[in-house]
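Listed in order, the protein sequences are those of chains X and S.
Letter 91 of the first sequence, counting from 1, is numbered 91 in our numbering, and no numbers are missing.
Letter 324 of the second sequence, counting from 1, is numbered 324 in our numbering, and no numbers are missing.
Since the hints were made in silico from the structure, they are not lab data.
Each hint can be trusted.
Listed next, with one range per pair, are the computed distances between beta-carbon atoms:
(1) 318(S) x 69(X): 27 to 35 Å
(2) 266(X) x 204(S): 32 to 40 Å
(3) 85(X) x 206(S): 33 to 41 Å
(4) 273(X) x 56(S): 30 to 38 Å
Since this is a predicted model, take the numbers as computed values, not measurements.
Note that CB positions come from ideal geometry on N, CA and C, so glycine has one too.
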Amino acid sequence: MMISELTATELQARLTGGGLCFGCGPFRLRLNSSLQSLLTVLHELYAHYPIYDHSGVDDYRMTLDWASPLRRWLRPVVRFSADGPAPFTDVPITRAFPTLEWGMNWCIAIRAHHVLMLHAAVVERHGRVLVLPAAPGSGKSTLCAALSHSGWRLFSDEFGLIRPEDNAFVPIPRLISLKNQSIAVIRQFSPTAYFGATYHGTHKGSVAHIRPPQASVTRMTELAPAGWVVFPRWQAGAALTLQPIAKERAFMMIASNAFNYEVLGEQAFKTVAHLVNNCKIYTLVYSDLTQAIRILDELTQ
Amino acid sequence: MQHRQSPTQRARILLINAVREPQQLSQLSDSDWNLLLQVARHKRLLGRLYVELDRLKLLDAVPNNVAAQLRAANNLVRHRQTVLTWELNRILWALKDLNVPVIALKGAAYVIADLPPAAGRFFADLDILVPLEHITVVEQRLLDRGWLKTTLSPYDERYYRLWMHEIPPLRHRERESEIDIHHTLLPRTHRFNVHAVTASLFAQAHAVSGTKAQILAAPDMVLHALVHLLFEGNPEEGLRLRDLIDVVDLCNHFGTEVLFWQQIMVRAEQLNLGRLLYYGLRYSDLIFSTKVPTFVIEKTAQFAPILPIRWLMDWLIPLAILPEHPAYPRYRARLARQLLYLRAHWLRMPPSLLMRHLSYKVWLRLRNVPRYVEIKPQDLQQL
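This is chain X alone, in the form it adopts within the complex (with noise of 0.2 Å):
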C-alpha cells in the first residue's frame, strides 16, 4: 500500500499516533507530526513511497513539531528532531515542509555509516548507473531531474550509495530538490515533472521538489553497478564539452566528493578504487540542458 491511497484522516491518524512508517530505498523511516499544513503535501510528494506497519525495526525516527505549544500560535514555528536534540534551528511553519526534507538528508548524513556516501546525482539505465558528482551549485540536481524524466531510473538527486561489500550502488529515490533558476529550466524542460510548491527565503533561496517518477519508487529495492562517472558543471554559455579524466585525478576528486571517506577509511579506500577502475570518467561543462542530456545519452548507449 502506497501513502496515496490512505485518506487524509487515516495519514493524520498515523501520523499523531505511532507514526507514519514508510520505506525509502534501504530505509524505513518514521514519522510523527501533528502539522496539518503537513497532510497534502506528503499525501502528494511521498505519494509513491510504501507504508509499512508497525511491526519491523525502523532506520530513523523523526518528529517534526511545533517547537512548544506556545509557538503554534505566537509566531509560529516548527522544529525538526530525529532520536535526539534538534539538529537545526527552528523554522516558521511555512518552511515545515523544506525542513523535513533536509532533516532527512541530515539523518542518512550523520548515521549512514554502514554505506560509502558520495555527494552525487545517480540515474540507471540499462542495468548500470551514471554517477554525477558535484558540489552544490553545479547544476546536478537540474540534470538528475531531466535525466530520469529522460528514460533513466532515479537512484537519488543527492546521494550516492555504495555498499562496499558488493561495490553495489543502492537507489534511494527521495525527492528531487530545486533551486532558484533551475525550478523554471526543469518546468519547461519536463512538463511531465510532478513539482510541489516553492519556498521562496529559506537559507538556499526558492526550493520546490519533484516527486521521484513512480518507476524508480517501485523498483527502490534493485540495486546496480556503476557504469559512468561524470563531473557535471554548469556554465552559462559554454560550449559543450566532455572530457575523459585520468584514473588517479579521478579518484582523488571522488574521495574529496564522499561525506564519510575519512569513515570508511580502508573499505572507502577499495571502494573508490573499485569504482576509478570499472568505470570511465568524465567532466562534462554545459550550457543546454537538451545538449547535455543528449551527450549522455550517447556515452552510455
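Use these hints to put chain S onto chain X, whose structure you have.
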C-alpha cells in the same frame, strides 16, 4: 509476565541483557530492537553490540537493517579510534626528545593496549597524563608544534590552572580532536585528592609494545575508570553506563588473578579512593553481576558509608546510570542525575570555593552569557 513490565523496566532489561548476554540478541523481536536501538544509541553502545555479534557470528541472525545500523555505528567507532591513536602518535612525536613519560588514559589506553573495553567503544577525546613538573614544557612544546589553545574566558583559564587536574584542552590546528593533558587523577581541590601519591602512578605504569606511551597499572586504571564514572557526569546525561561497563570489563579481565584484587585494595587506600572502590564493585555486581571474590567484598565493606547513605545511593545510582524509556522519561531519574551532579561538585571543591564558583556561574547565567556557542548547519549556510 511480559505485560507486567513497565516501559522503563523493559528498556533497562533489554539493554542490560544485550550487554551481558549478547548471544540472546538473535532472539529479539522487531519491537524489542526498535527500543533497544534507541536506548543503546543514547548510551553509545551500538558499536559494542556490533563487535559482540560479529564475534559470535550472529550478524546474519539479526534483521538486515539492524546489522546495517550496528555496522554503521562501529565504522564510526573505528574511525574515532584511528583518529585518537594518530593524535597520540603525533603527540609522542612532538615530545620525543623531551624525555617526559606520557601515560595514555582511558580510551587511548584501552585501544593501544588492546583491552576489552576498547571493543566497539566510542571515545570523544584524547586524555594523557604527564608529571606536573613537566607540564609547562609539554604544553609549550605542543604549542610550538602546531597545537592551539582552545579559547577560554579568563575565569575558566584560572579554574583549570589553579583548581583542576588538567590544563585547558589543546587542539591541533589541522585536526578536530581535543586533547586533555592531566597531571593527576583528581582535581587539586577535590575532597579525595592526595598529592603525594601522584608520582607512584608513574612509578607503577606499564610499557606497551609498539608505542612509547605507557598505561596505568591495572589497579590504578580501574580506579581511574571509577573516578570517571562517579566523580564526573552531567545533569543531562547522568552517570555514564559505558563508564561502568569499562569497569566491569576491566575487572573481568584483570580479576582472574588474585593479586589484582589484593593490589587494588591497597591502592584504593593509598589513593584515598576506598569509598569509590566500594561503590564501583557494589554497582558492578548489582547491575552486571560482576564476579568479585568474597574476600574483596568483605574487605571493601570497611569503606561503606553509613546505612542511610547507602540506601540513598542504591536508589540514586541505578536511576542515574540505567536508561529510561525514551517515550516515558521519569522525573525521578532527572532528579537523581541532578543530585549526583551536585554530589560530584560538592566533592570537587571545598564549600567556600564551591560557593564562589557557583555564584560566578549564576551571575553568568543572569547576564545571559551562553554556556557554549552552538553553531548549527543552517547558520553556516546563511553566509
